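Could you put the whole structure together from the sequences, leaning on the hints where they help?
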Amino acid sequence: MRYRYFPGCTLKGQAKNMENTTMAAAHALGIELVELDQWQCCGAVYPLYEDELISLLSPVRTLAAAEGEPLVSLCAACHHVLKRAQELMQRNEDARHKVTDYLEVDYKGEGRVLHFLEVLRDDLGFDKLKEMIKKPLEGRKIAAYYGCLLLRPSKVMQFDDPENPTIMEDLIKALGAEVVKSPYRTECCGAYLSVSEEAVARDTVSKIINSAREAGAEALITACPLCRYNLENCVDQDGKEPVKVYYFSELLAEAMGLQFDQLMSKALERRRGKNGNQQ
Amino acid sequence: MATSSKTRLVEEMQKQSGQDPNGCFQCAKCSAACPVTAAMDLLPHQVIRYLQLGLEEELANSKTPWVCASCFTCAARCPRDLDLARMMEGVRLVMLRRREGNKFGPADLTPEQLAKLPQQALVSGFRKYNK
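In the order they appear, the protein sequences are chains A and B.
Counted from 1, the first sequence has number 175 at position 172 by the numbering used here; the numbering is strictly sequential.
Counted from 1, the second sequence has number 29 at position 6 by the numbering used here; the numbering is strictly sequential.
Derived from the structure by calculation, the hints contain no laboratory data.
Quick caveat, the model's predicted, so the values are computed rather than measured.
Watch out, some of these pointers could steer you wrong.
[As the list claims (entries may be wrong)] Estimated spans, in silico, between C-beta atoms of each pair: (1) A:Arg94 - B:Arg103: 19 to 29 Å; (2) B:Glu81 - A:Lys243: 40 to 50 Å; (3) B:Arg31 - A:Asp130: 55 to 65 Å; (4) A:Asp164 - B:Lys38: 25 to 35 Å.
Beta carbons: idealized from backbone N, C-alpha and C, even for Gly.
Here it is as structure tokens:
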């Protein structure tokens with residue numbers, strides 16, 4: 004299975020471990036993620052006004068660079084922006100002409116735009132993944148935290164049921180851990196309000212963490228670097244047992260028995276072989 | 024003055040966001056769903072009501088559009104299929120474009136915050152509050 008891979012800015016910085024663990028797991032699962040050359044930031048937020056075309060230049064350039072092959076990202080925000088930009092290109096011919104003429108690319112909205120979790124669910128299958136788990140996370144109580152950007156708006160994202168998603172719980176089950184359901188799993192963490200209004204983010208995050216703790220979770224998984232930052236940095240644990248936060252891929256790599264040094268060497272191997280496009 | 028502002032804001036809003044605030048019947052499900060109402064001076068459904076009435080100056084002085092995190096929960100719960108997140112973006116953009124200035128930028132952050140915050144937070148924050 005071959006995919007074009009768009010990392011996004013944070014995956015090369017603070018969320019480097021999400022990339023390393025995903026790359027190692029994908030390699031072991033036979034999923035080839037070929038990083039796009041000279042990619043640019045997706046813009047992080049999708050412009051909600053239809054005349055904000057300049058914000059679409061970067062994501063549409065990325066969509067066109069995938070050349071019709073399936074395009075995978077790991078960051079929930081990158082996936083959100085790319086998916087919605089694609090939907091606009093399909094729906095609004097005028098916007099498409101303006102953007103693609105400016106970029107001098109030929110793009111008509113084609114190609115699958117996927118989050119890596121969708122690759123695991125739809126292309127590999129969680130049953131198949133389960134067979135490849137070497138060190139099941141037995142006895143670990145893990146809650147899924149979806150946040151906003153993967154799920155909403157559901158008509159465009161088509162990721163999962165927006166009110167009662169299951170994809171992350173199905174992953175947790177496949178990894179052999181115990182699923183803990185928390186009522187705040189689809190609530191917003193406050194997103195970029197941690198930049199401008201930190202008190203607001205502290206309020207939303209504390210509700211999410213307390214809800215997970217009360218449901219019996221020892222840890223949460225997320226697919227978004229900003230959610231992770233907020234969940235770890237904008238929380239008052241109140242002296243209670245801390246709830247840990249992981250990228251979904253960190254638990255995936257752990258359950259597949261991939262050690263840290265292996266992860267590093269896999270990542271380096273990939274970087275060296277980047278131009279080779281080996282099978 | 025108030026009337027012409029109303030027309031401009033609402034007209035531009037409808038054109039650019041495809042959202043007609045007059046479709047709202049004020050059930051307030053958006054306000055029940057919104058996770059950040061505690062920090063708002065106008066509740067989400069009140070923002071729509073103000074748009075219906077063309078109370079542009081009141082909206083310009085409200086904290087609410089800048090507290091909105093664009094989490095899209097309001098739109099997901101709306102029984103009228105309206106997208107309030109797009110209307111909030113409209114209010115922000117009218118202010119940002121009119122002011123020809125930024126609401127919030129790198130100069131408002133401490134060096135510690137700039138070093139600690141993930142790239143994604145900075146890019147999305149500055150994109151929402153700058154033009």
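Verification of the hints:
1. A:Arg94 - B:Arg103: 19 to 29 Å: 21 Å Cβ-Cβ, so the 19 to 29 Å window holds.
2. B:Glu81 - A:Lys243: 40 to 50 Å: 42 Å, holds
3. B:Arg31 - A:Asp130: 55 to 65 Å: Cβ of B:Arg31 to Cβ of A:Asp130: about 57 Å, so the range 55 to 65 Å holds.
4. A:Asp164 - B:Lys38: 25 to 35 Å: 33 Å, holds
In this structure, every one of the numbered hints holds.
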